[in-house]
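There are 4 protein chains.
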Amino acid sequence: MRIEEGSFVLIVGDGVRSVIRVSRGSKISTIRGVVNADEIIGLEYGSVVRTNLGYELTVLRPMITDILLERGERITQVIYPKDAAQIIVTAGIGPGSRVGEAGVGSGFMTALLAYYVRPNGKVYGYDKREDAIRIARKNLELLGLLEWVELRVGDVVNEGFMERDLDAVILDMGDPWNAIPNATEALRPDGTLVIYVPTVNQVLKVLGALRDNGYVDVKMVDVMIREWKTEPNEVRPQTWINAHTGYLILSRKCARSVKLTK
Amino acid sequence: MRIEEGSFVLIVGDGVRSVIRVSRGSKISTIRGVVNADEIIGLEYGSVVRTNLGYELTVLRPMITDILLERGERITQVIYPKDAAQIIVTAGIGPGSRVGEAGVGSGFMTALLAYYVRPNGKVYGYDKREDAIRIARKNLELLGLLEWVELRVGDVVNEGFMERDLDAVILDMGDPWNAIPNATEALRPDGTLVIYVPTVNQVLKVLGALRDNGYVDVKMVDVMIREWKTEPNEVRPQTWINAHTGYLILSRKCARSVKLTK
Amino acid sequence: MRIEEGSFVLIVGDGVRSVIRVSRGSKISTIRGVVNADEIIGLEYGSVVRTNLGYELTVLRPMITDILLERGERITQVIYPKDAAQIIVTAGIGPGSRVGEAGVGSGFMTALLAYYVRPNGKVYGYDKREDAIRIARKNLELLGLLEWVELRVGDVVNEGFMERDLDAVILDMGDPWNAIPNATEALRPDGTLVIYVPTVNQVLKVLGALRDNGYVDVKMVDVMIREWKTEPNEVRPQTWINAHTGYLILSRKCARSVKLTK
Amino acid sequence: MRIEEGSFVLIVGDGVRSVIRVSRGSKISTIRGVVNADEIIGLEYGSVVRTNLGYELTVLRPMITDILLERGERITQVIYPKDAAQIIVTAGIGPGSRVGEAGVGSGFMTALLAYYVRPNGKVYGYDKREDAIRIARKNLELLGLLEWVELRVGDVVNEGFMERDLDAVILDMGDPWNAIPNATEALRPDGTLVIYVPTVNQVLKVLGALRDNGYVDVKMVDVMIREWKTEPNEVRPQTWINAHTGYLILSRKCARSVKLTK
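Chains as they are written, first to last, in the numbering used here: chain A, 1 to 262; chain B, 1 to 262; chain C, 1 to 262; chain D, 1 to 262.
Same shape as in the complex, but just chain A (with noise of 0.2 Å):
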């Protein structure tokens, strides 16, 4: 496959890593020197190229985890890869997936969940921001992700979701226990409800909700990963991580469920 004028690359090397768009006559700049773009469109994905101060450098096909944390535009601290893995995998959220998501901040996530219920599977994001929709919209063309989803403001919490029969829904919210019966609402008889929250006093909150709304099977982990330094001859773990992103909760809908928020 090759490069094309307004592809996504990833360069890596000599400790650059960065994600590029390639338009033809610009000049990619690094660390270790610069790359004319004109040299990159048409090679080969995995080519090496070398920089005007003699470095080589590879260019790969970004995944989309690095175009997102790369280049997508924020308003919100997003859901980290690992704990999105964990979510998408742990609720089977997979091709052919009805998902709806709220709040959508930046499209971090829903552009995960877009990639994977493709080809015939939806994601329903909203957000009571009108920019928040706007730039989780720009995002997802960005990646060319947005026929997979709908994006809608709205207020889960008062509104609810115009959807129904969903697999799973994703509260990413700071209340996301008043927005439980609107969820349940939405679900399928026995769809996932997937919530994350950062601190303490939210989980107990939600927990309880949980209960007092009939769900089952309620599980809750932290994800710590730990990154290391690849170099063969000092292989050690990173010195610093990220230790704490958020707790996720996923429980089932049942019969009970419904009766309860009635």
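The reader is advised that the hints may include incorrect statements.
Claimed, not checked - Per label pair, the in silico range of CB-to-CB distance:
#1 N178/C - R2/B: 51 to 57 Å
#2 E73/C - G33/D: 54 to 60 Å
#3 S29/C - R71/B: 54 to 60 Å
Since the hints were made in silico from the structure, they are not lab data. All values derive from a computational prediction rather than experimental measurement. Cβ coordinates follow ideal geometry from the N, Cα and C atoms, glycine included.
Take the given structure of chain A and dock chains B, C and D to it, following the hints.
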């Protein structure tokens, strides 16, 4: 969606959590009493049933990780869901991906990969042991995922992969460094090589071999997941956790890799 | 230093690791065979002995944590050595310190405290349960540390501590927030209050009570220790670890604490 | 106890946390305003003072770890308090212990050891670099702990330790495996050898050398401490933590060690 004869169900409640295949006329025994399978058939997923001892249990559609962990036949230690999740998302494996895997073992990782490459991708799974391939096939059939997998008895160190231009190759074997040249042949020019090893002795050999084979963007992580007790009045992490499964090493092939391995 | 009748020894080697009290005429059974206690008496610590099955084992002086964990009588869950170590060093408890403790439980923490406040400090240990005090006394005698401890049957919530001007007070009990006013009375004007609780529900109550009682420099940590397999050819973290014992909350009394609690 | 001219104080409150040496006539500047040192002298520790901006700060006696981390002069990375705590308690280092240490570096670990071996033990600290010994001496004087330490410029790999029959030897150096034979000479017959290394490359060399030198009861751990935010309404782990400092390897000399190293 209604429960049919032959489906898997996940039964939960009051300390019960098990995956059962529903067959007409059988009895389902739990630590909270017995339920007749016939009472379950025809119900909607998410329904609540009562055991002969009067406990209420909920019947859910299980995730494939639930089915694998509780019902899958095993011959080997498996890549855990927590690690599989990171591999899949970090390597960008999704709908349409073409992925090589060696060894297949009991087929747990293979099954998750198959689930995520649907409907238009494919997993090519190798194992030297005929019994592994036989058990993996059985597990994949159990899950209805065999359609997206080619299983092959074969030695990737000595004979290599039959495929070319794969998006990713996953090596889960004792001496993955010996399989790197053949994995390089099978990968697309900027394909992702994922290596999973439990000891730091192996880590040092892998990192040296990746450097020698010209791989770039080498990343290594270990994933720790802390499970929590979710009883609202006594919220705390579980005391005992599985704190180490293996190290995940992801890297990218590039033009230089090919040269070095010829 | 030579092994005497009645001493504790730690016998290690080939998978054996146990603490034994040497008594003349007895036989020491291990999974690698039997050693006569008489052969050990008079040897230097560090000597190698041979079992009747031909295995070589080494006889070492045990640490007090070895003795406690293997020989101490227990009635309750104990503060683990990993947590005790952090408490002692972070609170600056050392030779000469005067420390209050409630509840004493089996006396494990008490013993470590006594070891570190020697030769001129003192530990004042309270427990409501007479049997706890009895077992703690037995454990402290076993270790020769009773000289540095005053044990008292007493309820620190309702009756308080008899001591004043303590350097530190350690609360390891179900409702430590109720004991804070009395701990404040017992502490020196800038003394350190250490609270150990397992659940986040308790954490929230403790943190609120510390604020209400005017405590400053409040720090909270949880300690995870990963043990490794140390066989040189297969170095890796142990699979299963005790990943949660309790939260350690350290804070300092100040002039404001006193005012608020009167 | 009252604050005297020349004492260290720890000033805390409203985001302020710093260690100051009180000298008459000076001004203490904080992010919450200025306090005159003269106002503090003569107060009891634990007193509350008011800055010129009206904020109330509390004046506490600092722990030695507070003084070291904030005021100690450094030339090298130090063994962190979390690791030092585990070493001290696991190795049973306490009042009366005689401990060897190489290299001393800035003397942080030396200071903690000195604090715990008081009043009748001793620490023998070696470093090849004269400037390290000079700075360590300064730091130990600052803390009033020099009385319990002998500092020596010396190369323990080539020249060894002058002491014999030590309870423990701590090696914190780049190539500790080369110092094991000389550490063995210096240890008591069942003494504890503690080795602290940051990389897994070093770990493999150390573990091989310990086996070759006949050491027994080899234990290796890494310690992770998660610090929490303690604001009662927003309790959560700190986002960024220092997740890796070094591996702690503890082992015991035995009769076989001596034979092998001669």
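Okay, the hints, checked on the actual structure:
Distance hint check: the CB atoms of N178/C and R2/B are about 54 Å apart, consistent with the given range 51 to 57 Å. Between E73/C and G33/D the beta carbon distance is about 55 Å. The supplied range of 54 to 60 Å therefore holds. Between S29/C and R71/B, the C-beta spacing of about 42 Å breaks the proposed range 54 to 60 Å.
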